[in-house]
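2 protein chains.
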Amino acid sequence: MIIYRDARPGDEHRIHQLIVELAVFEREPLAVSNTASALNLHLFVEKICFAIVAEEKETNLIIGFSLYYFSYSTWKGICLYLEDIYVCESHRKLGVGQVLFDKVIVEARKNKVARMDWQVLNWNQSAINFYVKNNADLSDEWLNGRYFF
Amino acid sequence: MIIYRDARPGDEHRIHQLIVELAVFEREPLAVSNTASALNLHLFVEKICFAIVAEEKETNLIIGFSLYYFSYSTWKGICLYLEDIYVCESHRKLGVGQVLFDKVIVEARKNKVARMDWQVLNWNQSAINFYVKNNADLSDEWLNGRYFF
Chain Z
0 MIIYRDARPG DEHRIHQLIV ELAVFEREPL AVSNTASALN LHLFVEKICF AIVAEEKETN
60 LIIGFSLYYF SYSTWKGICL YLEDIYVCES HRKLGVGQVL FDKVIVEARK NKVARMDWQV
120 LNWNQSAINF YVKNNADLSD EWLNGRYFF
Chain G
0 MIIYRDARPG DEHRIHQLIV ELAVFEREPL AVSNTASALN LHLFVEKICF AIVAEEKETN
60 LIIGFSLYYF SYSTWKGICL YLEDIYVCES HRKLGVGQVL FDKVIVEARK NKVARMDWQV
120 LNWNQSAINF YVKNNADLSD EWLNGRYFF
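Read top to bottom, the protein sequences are chains Z and G. When the count follows numbering that gives the first Met the number 0, it moves up by one through the first sequence with no breaks and lands on 148 for the last residue. When the count follows numbering that gives the first Met the number 0, it moves up by one through the second sequence with no breaks and lands on 148 for the last residue.
Looking at chain Z on its own, in the form it has when it is part of the complex (with noise of 0.2 Å):
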């Protein structure tokens, strides 16, 4: 059985080895520099992101997350930006994915933004599938402009 709650402080140790996981998931095993005390400090200070996980009852772990926070359009005004929504391979296939992105979803709605953004590879074809599945928008359209400090 699966909990689903809003994460708090101490998620972050297992939220950033999800992060990781994904990384390596997503061919970019080094990208993370990111910290857990890091995370803990921008989700429960600084409340500049939010993040929902799934916890496993039994044994307390938690084996998905979704991470998101509020970006902004010059044409909608204030956006919800999902950054990440990840699940551990042992849990997939038992639809925590879908639950968490309603979750956001609901987070959208509550906030009244007019639009809630992200971002999928373009040769992960289970997450478009899921995407596809949920009704969204998907555009190849855009190219990604990025400058590293």
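Source of the hints: derived by calculation from the structure; they are not laboratory data. Where hints are given, some of them may not hold.
No copy is singled out in the list; a pair is fine if it fits within one copy or between any two copies.
Calculated pairs, DSSO-like style, for lysine-lysine (alpha carbon to alpha carbon, straight line, at most 30 Å) [what the hints assert, rightly or not]:
hint, residue 1, residue 2
1, LYS75, LYS92
2, LYS109, LYS92
3, LYS92, LYS132
4, LYS46, LYS102
All of these numbers come straight from a predicted model, not from anything done at the bench.
Based on the hints, put chain G in the right spot on chain Z.
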């Protein structure tokens, strides 16, 4: 002669006009539901986003702007997202966009962000050339997911 400065209350009307001009250029003329009064709130009261304007000294007319906010990456922590950079057609090819871009980079460095992100339409070749010239990393590996409320 062009003056560059932080946006101040009252600029929201002209910035809103330029946002609409940019939406027309990006072939989404009806996409702007944001208003000048909401922009005033977001820029100057709630301070969830920030703008730099390029103003023609003789006429006091704003002929370009950049607008950004602080975003979040689970990999990198706090990042800066460059939402818009726009220069009126009448004032292009004069280096205004370069100054606006450089000034946002200064803000990114000042705030010690790990990464600056933005998007560019895959058919906007002059903008792509500009970013390539600026040694930016441009990727077409991600699809944009969107859900409208």
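Hints, one by one, checked against the model:
Proximity of LYS75 and LYS92 under a CA criterion of 30 Å is satisfied inter-copy only: 29 Å between copies versus 34 Å inside one chain copy. For a Cα distance limit of 30 Å, the shortest separation of LYS109 from LYS92 inside one copy, 28 Å, qualifies, whereas the shortest one across copies, 44 Å, does not. Taking the shortest Cα distances, LYS92 and LYS132 sit within 30 Å of each other inside one copy (14 Å), while across copies they are farther apart (45 Å). Taking the shortest Cα distances, LYS46 and LYS102 sit within 30 Å of each other both inside one copy (18 Å) and across copies (27 Å).
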